[in-house]
Each structure stands twice: as C-alpha cells, then as structure tokens.
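Protein sequences appear in the order of chains P and G. Each residue of the first sequence is one higher than the one before, starting from 1 at the first, in this note's numbering. Each residue of the second sequence is one higher than the one before, starting from 364 at the first, in this note's numbering.
In short, the hints are calculated from the structure, not lab data. Being a predicted model, the structure only gives us computed values, none of them experimental.
Derived CB-CB ranges, DEER-like: (1) 683/G - 146/P: 44 to 54 angstroms; (2) 525/G - 94/P: 55 to 65 angstroms; (3) 674/G - 72/P: 50 to 60 angstroms; (4) 674/G - 210/P: 25 to 35 angstroms.
All C-beta atoms, glycine included, are put in the ideal place defined by N, C-alpha and C.
Okay, here's what each chain looks like letter by letter:
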Amino acid sequence: MNTTLKHGPDPEDAALRVTEVTKTFQVGRSASGNNRLRALDGVSLTIGRGETLGLVGESGCGKSTLARTLMLLEKPDSGTVDFEGRDPFALRGKDLLSWRRRVQMVFQDPFASLNARMTAGQIIAEPWATHRGLYKTSREREARLNELLQLVGLRPSDARKSPQEFSGGQRQRIGIARALALNPDLIILDEPVSALDLSVQAQVLNLLNDLQQKLGVSYLFISHDLSVVRHVTDRVAVMYLGRVIETGDTEDVFERPLHPYTASLMSASPRLDPAARPAERIVLRGELPSPVDPPSGCRFRTRCWKAQDICAEQAPPRVTAADAGRVALPLPSIGEPTLHAAECHFPLADRAEAGLAASATGA
Amino acid sequence: MTMTALPHTDSTTGKGRQAVLDVEGLDVDIRTPQGTVRAVSDAGFTAYAGQTMALLGESGCGKSMTAKAVAGLLDPIAHIAGGTIRLNGRELAGLAERDRLKIAGTELGIVFQDALTALNPVYPVGVQIGESFRIHRGMNRKRARAEAIALMGRVGIPEPESRVDAYPHQFSGGMRQRILIAMAVALGPRLLIADEPTTALDVTVQAQIMELLRRLRTEEDMAVVLITHDLAVVAEEADAVTVMYAGTVAETGSVDQVFARPAHPYTRGLLDSVPVNAERGSQLSSIAGSPPELKDIPAGCVYQDRCPLASAICRVERPALREVAPGQHAACHFADQVQDSTTLQEARP
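Bound conformation, chain P alone:
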C-alpha cells in the first residue's frame, strides 16, 4: 500500500452503514398536484473506518439531506442507519449524546458558520459545554484547546481572536478544530473548501489529509469539485435525484464510469491539462428535473442519450462492473476488488462510450 495513503481504509469494516433510507418532505403542490418531495429515495452506502467517501451530485440531488440525516437532524421515513451495530434513531439520553459526539460536521461557509461574537477559543471549546464528561478540569480543557489549535495549524494566541480577524482559510481551520474537539469517528465535510481561494484550498485539503493519517478519522466528503474529490477520496458515491446511482473505488469510477450520468459529470468538468481533456464533451440537455415529480423508471432517462422505452417503464437494475463485462480494479489498500456498481439498464461498456477517450491532438 502506498504510504501516502491513509490508515488502511476498509469499506468492509464499516464505521457507518446506511441502508435504503428514504426521506420525504411536504412541499407546495406542483403542477401535477404532487406535494411530496422525496429527497432521499432508497439511499444505501457504507463508510469504512479511516476511509474517505466522496459524495458527488448536482444541487438538489439529496446530498445535504443525507448529511443532515447522519447528523440526526432529519429522521428517515424508512430505512436504517447503523453505526457499529446500533441504530442512532433508537438511542436516548446518554447513548444519544455519545453518538452525537462521534459524528461531527464541517460546514461550507467559514464566514457564516462561526459565531462572530465568540472568540476562536470559545467556538472550539463550546462542544465541551454539552459533552461535559470529556474534559473535566479547566486545565485539561485549556491544554486540549492548545493542542487542537496546533493540530489545525493555528497558534495558541489565536484562541483570543474573534472570527473576523482570520482569513477564510484560517476560519475553516477553526471549524475543523471545533469538529475535532469531541474526538469524532466520522466527520461530515460539506463542501469544506469550495468557499476558499484556490491557493488556500490546497492548504486545507492537506490539513484534512494529515489529520486523517494522525487520527484515523473517517470522512464523508461532499463536494461538487470532481478534481478535489478525485484527489482526496478513497471511494465515491454519485447521487442523482435522491438515489445513489453509482459507487465504487474513486479511481475506478473516474476512469471507467458505468452510469451515463457519471460519465457526463466527468466529461463536463473542465480540465487544466489539455492531454487529459476528452476529444469531445458530453453536454447534457436540460437540467435536473424536479424531485417532486421525478421521471418514472430511471430518473436520469430524461437527460440520457442511451434512454429507450424500458428506461421509462422499469426501475433500472443494479449492475456491477463485472456484469458490464469489466474487471474491477483492486483497491490498493486491501488488494481486494471493491464493488463498482451502478443502477442502469444500459451501463457504459468502456471509456470511449463514456466520452472519456483522450483527444488525439492533446495526447
């Protein structure tokens, strides 16, 4: 295994397992008279210990609802969330508190997510007011605060400053320190670098990587920036209109997507390197349909160039890379092939069909 990789991520040793979770919201009636928005429609995924799972998809696909569900801010209508054999939604009192300690979140906007009336030190220490048992004496808390500040690359003296005195990248470091304050097992990173300038993004991504190596924490990394996702994640789940439509080892999914939607995402993202640019770009027609009235059968069919009658009539089957006549790539860390699967009637056969064949002039 590559030593620059994290603590042997192992998707089989799941820290968190989400199974067939659905969540419906009541909304204003649409043109068709429907008033139920199915934000999550049977979402299943696992996050391994010490692993980074990427979650990608366009706005409105259900990424944030999923994150909120894992934070126990939304209760699923059906399906289960399993964290080390326990269902967090059945927990009460102390057990619930302990679960909350173990799943923390870093938000997208470091300007909105920090209270301007508190100092950085107060912000980072605030979780201890709820989780009183963690650090009992003020001396312990002080020591831990300094440790956290150093861990995220800030100085102990920064604890007395207020958020306004920091740059965007430094604020995001405060948000990360706050998430780490309770020694969580899983951190949900909701677009953690998309509000940051490029030169600062790299600093924060490096920090997240270092922290994972040091602490063995798992990440759910939500992002729309595919080049970032490719760099930081071990596995990736692609969402479309409330469903995970493809999952697999990140490199496998990026190199040889099975689902036409995944292929169109890869093909549509701009590339810096002319040699890596596809000769032709798949430009989808139209935009994401309303989740209030999702298309019948396969929900991607209205924008899909491979769609046929069956796609409107039947929900797409789950196909694996092997079903599509491919050999799954072994995951470098454990040497075993990870399951690369998608929900599609007509999965893509190869890179050329996925529109990823490199341009002849660029190569």
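Starting from the structure of chain P, add chain G where the hints point.
Chain G only, in chain P's frame:
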C-alpha cells in the same frame, strides 16, 4: 445530449485581430473609513475580437473591480484614479455619464455571477430582455416583446413564446443565466464581460453555458472578457489570460504560453496547487499564507510575503510588467528563473 468538440485555444493571440478593449495603467481607488486604498494598481490588458481574455485571480485581487471600471459600474465609493480604457478606440475613463449610458448595451454587455439578483423579480423576463430594444432602438412594446422571444430562442430557452411572460423565479439557475446572456448580447455589443458566469451553477449546466458563450462569441465576433477564479475554465475557454494579484497584474499572455511556462511565482503556485494528476492522498503543493488586505499591501512586490523567491530587491522595488517571451509579460524580478526552472525551489536566487 450532444457531443461538442472542445475549443482550440489560439496561441497566436490577437494576431491579425482587432483590439476591441485596451486597458492601460488602470488605477482604481476606494474610499474607506480608514482612508483611501488602491484596489487596482497599474492594470493593463487587451481583448481582441473573436477571442476570450480571462481575468484570473482570487477573491479581492481586483479582477471584478477592473471589469466594473471598464463597464462604468463602479460603486460610488470607488473611482478611476488613473490610466486609460479604450473601447473600439474610444476613451471611456472620464466619459460623461450620458455618453456612458449610450454605450452600455450597444458597445459592451455584461453578465453577472448571480442571475437571480441581477434580474428584477417583479417584471417578466420578456420585459427585461426587451427593455434595451425600447430604450436604445425606440421600439414599441409589441416589437420589443417579439425581439425578446427571438433572443430567448437564440440563447437556448425552450418554448420562448410561452416563457416570455414568466418571472425570473420560475426559471432554473441555468435558464436565468441564459436570460442574462440574452440581455447582454441583445444589442450586438463588440465586448462581452462575463463575471464568474458559471460559478453558481452545476457542472453539467456550466458546460451548457460555456458552450453558449462560445457560440455567441463566434457568431458575433465579440471580444469576451471572462472573469474567473477557475484555472481549468481558463485553460479550456480562454485564448489569453491576465493573472491578477492584490490589485496588480502578475502575468499576462496567451493561455498556452502562461500555463505551459509561467513566469510569475504566483501563477506557478496556482497551477501547482490544482489537484490534477497528483497521487491520491498525497500532499498538494500550496501557497503559504493568504492574500494581503488592500490596506496592508506592502511596498515593493505585492507578492513578497508569500513568495519563496522573495529577496532584498522585492522588498523595495515593485517589479514592472516586462516581456518574458513574445506576447507574454510578467511582473517579477526573477521571471526568467521562474520560467526556466521546473520547480520554484530551483528558481530560488
């Protein structure tokens, strides 16, 4: 879905093409409670017909301010303190307000980042698109509406006849951006300024909007100034690039030249921090620190505090933009070393 061939960037930037916009030595000052600060200092670039010039930089680098100065849309607290802005050979800096209004729309169009706030929520989109025909061409309501419908069709809004009376909130983000683009190109301007036109959009929609801008640029032979912080978008969409940092131009030239052989350590640092081809999970190269506040811009080189090459001369003398290759200019005392070495460490004096 369609397959579209990607654009081919033209390394012979500007050759044989008409210069539509020529900015030279532009200074923009902002009044703040702490006194006047210079937001843009000695900025210059040229945009040619049928080509895209990208203004690239991080937030606060002055790229939007530069574009606003060109468009005559500076906030009341900001003003042009020096330099020239020539549009089709005509000087814009110091132009009277009335003459300014005349060129808005006819000679230059602008597309903003946030289409929802750029559109008026209480008027149907058709009225807003048709407005410029009524003001500049003296058309009546009916004719302006017909023009609006035609334009909506041209920018790819399906069923324009039935959507013309809809309100902005009834459109998706991508469609709203198309409406803004329709408004910007309505009167056939020679220059189109697009300020982060796809930043708020999803990647599949971004590809659609970029395709539309490309098509319109070719059809109208417009010069496009594309303001962005996204290096990959520049690499794919622009012919030439002007990299800005802390209100100054760090480097300018054709995209091919600048991205293949950057001569400014900042450009180099930006390119290195993009996670492409980097080993998964490996350390990304990053630029230490963060950009200076406008009030704290140091004397000498504006980039000295973050530059691995900074030495004595950088503290005292601000490097002027100078030619490092035909058509490529950089503002660095060590531009040649940066260009000739494979890593910044190697270029260290």
